[in-house]
Amino acid sequence: MSVEASPYRAHVVRDRVLSAASLGVLLLFLWYADSHFSPYSIRILNVTAIFIILAVSYNLINGVTGQFSLEPNAFLALGAYTSAILTLTPAEKARTFIIEPMIWPLSDIAVSFPVSLVAAGLVTAFMAFLMAIPVFRVRGDYLAIVTLGLGEVIQVLANNLVPVTNGSLGLKGLHPYTNLWWAWGTCIFTVICIVRLVNSSYGRAMKAVREDETAAEAMGINAFWTKTLAFTLSGFFEGLAGGLLAHLITTISPSLFTFFFTFNLLIIIVVGGLGSTTGSVIAAVLFSLGGEWLRAVEEPFTIFGYTYSGVPGMRMVIFSVILILVMLFARQGLMGRNEFTWQGFFEWTRGLAAKIRRQE
Amino acid sequence: MSLALLETQGLSVTFGGLKALNGLDLQLHQGELIGLIGPNGAGKTTAFNAITGRVRPTKGRVLFQGQEITAWRPYRTARIGIARTFQNIRLYDDLTVLENVMVASHCSIRYSFVEAIVGLGRFRSDEQKIREKAEQLLRLMGLIHAAGEKASSLPYGGQQKLEMARALALEPKLLLLDEPVAGMNPMETREFGELLRRIHLDLRLTILLIEHDMRFVMGVCQKIKVIDHGAPIAWGNPEEIQKNPKVIAAYLGDNG
Numbered sequence: 001m002s003v004e005a006s007p008y009r010a011h012v013v014r015d016r017v018l019s020a021a022s023l024g025v026l027l028l029f030l031w032y033a034d035s036h037f038s039p040y041s042i043r044i045l046n047v048t049a050i051f052i053i054l055a056v057s058y059n060l061i062n063g064v065t066g067q068f069s070l071e072p073n074a075f076l077a078l079g080a081y082t083s084a085i086l087t088l089t090p091a092e093k094a095r096t097f098i099i100e101p102m103i104w105p106l107s108d109i110a111v112s113f114p115v116s117l118v119a120a121g122l123v124t125a126f127m128a129f130l131m132a133i134p135v136f137r138v139r140g141d142y143l144a145i146v147t148l149g150l151g152e153v154i155q156v157l158a159n160n161l162v163p164v165t166n167g168s169l170g171l172k173g174l175h176p177y178t179n180l181w182w183a184w185g186t187c188i189f190t191v192i193c194i195v196r197l198v199n200s201s202y203g204r205a206m207k208a209v210r211e212d213e214t215a216a217e218a219m220g221i222n223a224f225w226t227k228t229l230a231f232t233l234s235g236f237f238e239g240l241a242g243g244l245l246a247h248l249i250t251t252i253s254p255s256l257f258t259f260f261f262t263f264n265l266l267i268i269i270v271v272g273g274l275g276s277t278t279g280s281v282i283a284a285v286l287f288s289l290g291g292e293w294l295r296a297v298e299e300p301f302t303i304f305g306y307t308y309s310g311v312p313g314m315r316m317v318i319f320s321v322i323l324i325l326v327m328l329f330a331r332q333g334l335m336g337r338n339e340f341t342w343q344g345f346f347e348w349t350r351g352l353a354a355k356i357r358r359q360e
Numbered sequence: 001m002s003l004a005l006l007e008t009q010g011l012s013v014t015f016g017g018l019k020a021l022n023g024l025d026l027q028l029h030q031g032e033l034i035g036l037i038g039p040n041g042a043g044k045t046t047a048f049n050a051i052t053g054r055v056r057p058t059k060g061r062v063l064f065q066g067q068e069i070t071a072w073r074p075y076r077t078a079r080i081g082i083a084r085t086f087q088n089i090r091l092y093d094d095l096t097v098l099e100n101v102m103v104a105s106h107c108s109i110r111y112s113f114v115e116a117i118v119g120l121g122r123f124r125s126d127e128q129k130i131r132e133k134a135e136q137l138l139r140l141m142g143l144i145h146a147a148g149e150k151a152s153s154l155p156y157g158g159q160q161k162l163e164m165a166r167a168l169a170l171e172p173k174l175l176l177l178d179e180p181v182a183g184m185n186p187m188e189t190r191e192f193g194e195l196l197r198r199i200h201l202d203l204r205l206t207i208l209l210i211e212h213d214m215r216f217v218m219g220v221c222q223k224i225k226v227i228d229h230g231a232p233i234a235w236g237n238p239e240e241i242q243k244n245p246k247v248i249a250a251y252l253g254d255n256g
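Those sequence lines, one after another, are chains A and B.
The first sequence begins at 1 in this note's numbering and counts up one residue at a time.
The second sequence begins at 1 in this note's numbering and counts up one residue at a time.
These aren't lab readings, by the way, just hints derived from the structure by calculation.
Don't be surprised by glycine CBs; every beta carbon is placed ideally from N, CA and C.
Incorrect hints may have been included.
Computed far set for chain A versus chain B, every beta-carbon distance over 10 Å [as the list claims (entries may be wrong)]: (1) Leu28; (2) Lys93; (3) Arg139; (4) Val153; (5) Gly170; (6) Trp181; (7) Ser200; (8) Ser201; (9) Leu229.
Restraint ranges, calculated between C-beta atoms of paired labels, are given here [what the hints assert, rightly or not]: (10) B:Pro39 with A:Asn199: 14 to 24 Å; (11) B:Gly31 with A:Ala20: 30 to 40 Å; (12) B:Glu194 with A:Gly140: 39 to 49 Å; (13) A:Thr341 with B:Gln128: 52 to 62 Å; (14) A:His11 with B:Asp25: 55 to 65 Å; (15) A:Leu106 with B:Gln128: 43 to 53 Å; (16) A:Phe319 with B:Pro186: 36 to 46 Å; (17) A:Gly336 with B:Ala71: 33 to 43 Å; (18) B:Pro245 with A:Thr214: 36 to 46 Å.
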């Protein structure tokens, strides 16, 4: 046993207890929110969970593995459509598909929501796996352009494969299956899976590819398979998020899954700190809650006798200013590449307490 | 004569019209420590790159333990037992010193990514083993005190040692060292020479090394291959090489 590792291991039990306790607190909060919060607040909480799933899985390929990919809107669309097509009953499908009837095997299939979610994840992961073969022949900026094209292709397909997707009319009247338990359950599952993966040898291989691909290959790491694994797993979780999103907003159409989605996620993971799962979670929460809080500046209010009439779109102005400030003063993002640990947390609070005491 | 561990036959690499390497024949036997020297631009690093598959040889063959490995991808040559270091250090800067070494054990893990996520099966025992092996290598290289620090925070000499520790973590049969003592002071160089000799004997490694520090090369290598302008010009033990007129001409110029 080494000098380095032993104090580490003594804290394992404490850290497990603390993690379990905080998970318990989160579940209690969700239980309380489920029965006491307004539908509006619950919806925001659901959106937050979906954004956390997306940010954490996007960070796996973009931050941890360091491949500048712009695929999330494509995978989100795939997951959303897969899940939605599977949960609609045959009668509902007959009613929705008014331009052209749905092709046969799909028109008669209807499965429960959980099954459709798993299917959404698996279909998206499978597509990600197939796409990885052409996509990872290129690197850097070229990779960004190719994956950007992926999103466009999916959108064009969604618009034109009318017998499967109902074209530009989209799919309407989905059941609002997504509640706090499904959204946050999937979210917690995703975060745990990705954290565990990143802390394994597979995670180290991904980081090695990010840091120096040549040196990674010289150490026996197959860079192509490592990237493919990260991309496929990203796809799986983004597919799950797509399924949740479809059954939260209950109406999906091709125009929903534009590049704007990817762009927002890119902002989230960069602000959180590229490569930090903790950062992705924090930034996703700030992004989805902050976006709602900032709505206040678009509504009229009176402050010190001055009446502010409210400017529509002001929210985005303030949002941009915050972004610029983050990039100026915290270029590595909120967390850099650091992760949350209980030990780090205690040291941080101790440092903070000492600082406050000094000032008194 | 026993089967050579590594054998290159007429290995050539051409970049456009430039013959970076021209007909390199090399035979390394188990347990040998061979130096590969030559003036700047002679094609030494290109030879390493061609052996490990970083560049594709235009002509010639590479055999490892009698098996043809010509133009295999780098990760495959690494897995079969050829580890290397780089001339312009290539560490995973943002990873810790310990993690840098642990990365090299990736191809020896037996658990799947699903086992890693669930945390069951061989995950824990394998991780424990990888960690202990990495710590042992860091202790050997005298870097254990810095295990938790980022690789980029090490001084230059430390980074070179870390590259070596990482290469050893692959448990290679053949180690290719590209200018391992460049930038070290005479004291550090001597220490490194002793370390290298110890590793060579203890692990019974076969080593091929490129180096410009002649005193170091003459001190540690049993045999030396000299190349110039991509082509081999001499082969022999240190004394023979020092007296070889072709070698002197290559280093000092014909009229020197």
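Here's how the hints hold up against the structure:
| no. | hint | result |
| --- | --- | --- |
| 1 | Leu28 | holds (25 Å) |
| 2 | Lys93 | holds (35 Å) |
| 3 | Arg139 | holds (16 Å) |
| 4 | Val153 | holds (28 Å) |
| 5 | Gly170 | holds (34 Å) |
| 6 | Trp181 | holds (22 Å) |
| 7 | Ser200 | violated (4 Å) |
| 8 | Ser201 | violated (5 Å) |
| 9 | Leu229 | violated (6 Å) |
| 10 | B:Pro39 with A:Asn199: 14 to 24 Å | violated (47 Å) |
| 11 | B:Gly31 with A:Ala20: 30 to 40 Å | violated (54 Å) |
| 12 | B:Glu194 with A:Gly140: 39 to 49 Å | holds (43 Å) |
| 13 | A:Thr341 with B:Gln128: 52 to 62 Å | violated (20 Å) |
| 14 | A:His11 with B:Asp25: 55 to 65 Å | holds (57 Å) |
| 15 | A:Leu106 with B:Gln128: 43 to 53 Å | holds (49 Å) |
| 16 | A:Phe319 with B:Pro186: 36 to 46 Å | violated (59 Å) |
| 17 | A:Gly336 with B:Ala71: 33 to 43 Å | holds (40 Å) |
| 18 | B:Pro245 with A:Thr214: 36 to 46 Å | holds (38 Å) |
When each numbered hint is compared with the structure, violations occur for hints 7, 8, 9, 10, 11, 13, 16.
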